[in-house]
Amino acid sequence: MLIKLAWRNLWRNKRRSTIVLLSVIVGVNAMLFMDGMTNGMLSQILFNQISLSTSHIQIHNKGFSDNKTVQGIIKDSEKVEKAISNNPDVTAYSRRVITFGLLSSASNSTGVYIYGVIPEEEEKVSRIKSSIIEGNYLSNAKNEIIIGKKLAEKLKVGLGDKVVALANTPDGTIGSEVFRVAGIFKTPSSEFDKAFIYIPLATSQSMLDLGESFHEFAIITKNYKQSNSVRDELTSKLDAGIEVLSYEDLLPFIIIQLDMYKESMFVVNFIISLALIFGIINSTLMSVFERIQEIGVLMSIGMRIWKIFGMVVLEALILGVFGTVIGVVSGYLINIPFSIYGIDLSFFAESLESFAMGSILYPQLSVENFIITLFMIPLISVIAALYPAYRAIKLEPVYAIRYV
Amino acid sequence: MELIKTENIIKTYQDNGVPVHAVNGISLEVNEGEHIVLAGPSGSGKTTLLNLLGALDKPTEGKIFFEGDDLSLKSKKELSDFRLHKLGFIFQAYNLIPVLTAMENIEFSMMLLGVPEAERHQRSESLLEELGIAELKNKRPNEMSGGQQQRVAVARAIINNPKLVLADEPTANLDSKTGGHLLDLMDKMNEEKNITFIFASHDQQVIERARRLVKIKDGLVDNE
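As you go down the protein sequences, you meet chains A and B in turn. Numbering of the first sequence is given in our numbering, commencing with residue 4 and proceeding in unit increments. Numbering of the second sequence is given in our numbering, commencing with residue 3 and proceeding in unit increments.
Treat the hints with care, as some may be off.
[Stated by the list, open to error] Straight-line distance between alpha carbons at most 27 Å, and here's what the computed DSSO-like set of lysine-lysine pairs gives:
| # | chain 1 | residue 1 | chain 2 | residue 2 |
| --- | --- | --- | --- | --- |
| 1 | B | Lys179 | B | Lys141 |
| 2 | B | Lys141 | A | Lys17 |
| 3 | B | Lys88 | B | Lys190 |
| 4 | A | Lys159 | A | Lys132 |
| 5 | A | Lys82 | A | Lys127 |
| 6 | B | Lys139 | B | Lys88 |
| 7 | A | Lys310 | B | Lys179 |
| 8 | B | Lys79 | A | Lys7 |
| 9 | A | Lys71 | A | Lys85 |
| 10 | A | Lys127 | A | Lys65 |
| 11 | B | Lys141 | A | Lys310 |
| 12 | B | Lys88 | A | Lys7 |
| 13 | A | Lys310 | B | Lys76 |
| 14 | B | Lys139 | A | Lys7 |
| 15 | A | Lys225 | A | Lys127 |
| 16 | A | Lys310 | B | Lys165 |
| 17 | A | Lys240 | A | Lys82 |
| 18 | B | Lys88 | A | Lys310 |
| 19 | B | Lys88 | A | Lys397 |
[Stated by the list, open to error] Quick partial rundown of chain B residues pointing at chain A, CB under 10 Å, derived from the structure:
| # | residue |
| --- | --- |
| 20 | Leu81 |
| 21 | Arg85 |
| 22 | Val101 |
| 23 | Leu102 |
If you are wondering where the hints come from, they were derived from the structure by calculation, not from laboratory data. Only a predicted model underlies this, so the values are computations on that prediction, with no experimental measurement involved. Backbone N, C-alpha and C fix where the C-beta goes; we use that ideal spot for every residue, glycine too.
All chains should be built: construct the whole structure from the sequences, respecting the hints.
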């Protein structure tokens, strides 16, 4: 009967309860929307980094990750390749030559990261093929090069134009090659587009006098969450002179940034919760003050104060639970079109691209977001009702029953 | 058998810093099954005395004993239980819970006592029948007349078979005919169920029916 009483008490003032219910629903929607935006942004930053060049796991000669010298070729690469091929959780890998060099056109020169790749392998571990906006992806023709849009603008070159790449060889001489621009790519990262070029692996090996050698295996696992376990398995099978790094090892700054974003979301949710708390306190307090005489009657007929306390808390809890459930369902439904079509943030495109985020944000809601919201808002409702409930039980029955 | 006894009780309020003795030294003994009317003009202290007897308020001085137990020694929780088990209240303004139906209002105190639902229904329906208000069982207070509401209030007050019912101006908001019916009903409960009734009233109709009349004036028993 206490639940029945609390429920009916709520609807004595329909307008007030509806306003509080709406505020809870709007609050829940705001929290879920913010959570979805943050999750979407964080995963886009992370997955864009992974799909641009980082991949899930990289294998190099020890120290290459910190100091990318051309001399750092993988020793005994056949043994490494065998270990990778035998791992059931690896879905694809790409062999890469990586070095820093100079790319020149007729009108300009700039420093670039030169990636020598086998096109068929690379397209399975990175998004570079799907990022081509002009021309074609690499076809293994000897003097093909693909470059980023920003780089093409800087060098003032277009499809078919000639560029020259220069880089140090392991013995200190300069290796060079002339290329024709076969394709121009545009990725979500403007920094990447300015600084990375792709050429065929064999061309890079001959240009740098590397023979059959290369610097990196970039690996994709069945699920990115397996990266660390696959890393550990591979590490145990390879020599000590080989380093196996997961994307978490390779992108520590981004991982820290992601954690910071998550923590900042906690602050945003806390602020939204605070606004909800004051709304619920206000309405519950008003509801208690309107029923002082009735509370006095309940006390006079022998209702214990903890039950009166519970009744007031229950009223707020019912509002919180209903508001949360409706808010979660509506929040989920609202999120669907945004998660499919994205939110166009072209206005901030430049800054977003420097974060490797792209200009379209796809919000993502996780089960964790729903569970936290489903528990947090009712809990907040209870917390908000504590003071009004305390005020109710502090009433003196003799004063309360005479209250008009 | 003695049910309630007061020993020189005083209740003093502060009115803008000025002490007001609402009850100024009343000693009273009430036996089980009595039908008492506390009569007196407005401000004489009869409602204050009723509140003290109902443990809704505590005396500034003096003691109140119920079945020999000193009420001043009881905690808030014990006083709640005491009111739930031993007392029934009838208020001038009926004071039914507006969101509950007549039957739910009656059942409420049984629910607080933990009476099972089936028994609650059976007892409340039987009492509604006995009081001639069975047709009101699903109505809410705003759908009932004043007289009907006060009958439901009487039912609520006696449903748990209390030892004592305290009725504060129960007929004040009713016409004389409706008030008369209500008093008949309470007289019947007093006689048939041996429930002790203490009324606070200045309604002549109530005073005339008193089997024991206690006149209160200026916080004191004027005569008995």
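Going down the list of hints, with the structure as the test:
1. Lys179(B) - Lys141(B): holds, 23 Å
2. Lys141(B) - Lys17(A): Satisfied, since the Cα-Cα distance of roughly 20 Å is no more than 27 Å.
3. Lys88(B) - Lys190(B): Cα-Cα ~19 Å, so holds.
4. Lys159(A) - Lys132(A): holds, 22 Å
5. Lys82(A) - Lys127(A): Holds, at roughly 21 Å.
6. Lys139(B) - Lys88(B): holds, 25 Å
7. Lys310(A) - Lys179(B): The given pair, whose Cα atoms are some 39 Å apart, is violated under the 27 Å limit.
8. Lys79(B) - Lys7(A): holds, 24 Å
9. Lys71(A) - Lys85(A): holds, 24 Å
10. Lys127(A) - Lys65(A): holds, 25 Å
11. Lys141(B) - Lys310(A): holds, 25 Å
12. Lys88(B) - Lys7(A): holds, 26 Å
13. Lys310(A) - Lys76(B): holds, 19 Å
14. Lys139(B) - Lys7(A): holds, 17 Å
15. Lys225(A) - Lys127(A): holds, 12 Å
16. Lys310(A) - Lys165(B): holds, 24 Å
17. Lys240(A) - Lys82(A): holds, 9 Å
18. Lys88(B) - Lys310(A): Measuring from Cα to Cα gives roughly 19 Å; hence the hint holds.
19. Lys88(B) - Lys397(A): holds, 23 Å
20. Leu81: This hint holds: Leu81(B) lies near chain A, its Cβ roughly 9 Å from the closest one there, short of 10 Å.
21. Arg85: For Arg85(B), the interface hint holds, since the closest Cβ of chain A sits about 4 Å away, which is under 10 Å.
22. Val101: Because about 4 Å separates Val101(B) from the closest Cβ in chain A, which is inside the 10 Å limit, the hint holds.
23. Leu102: holds, 7 Å
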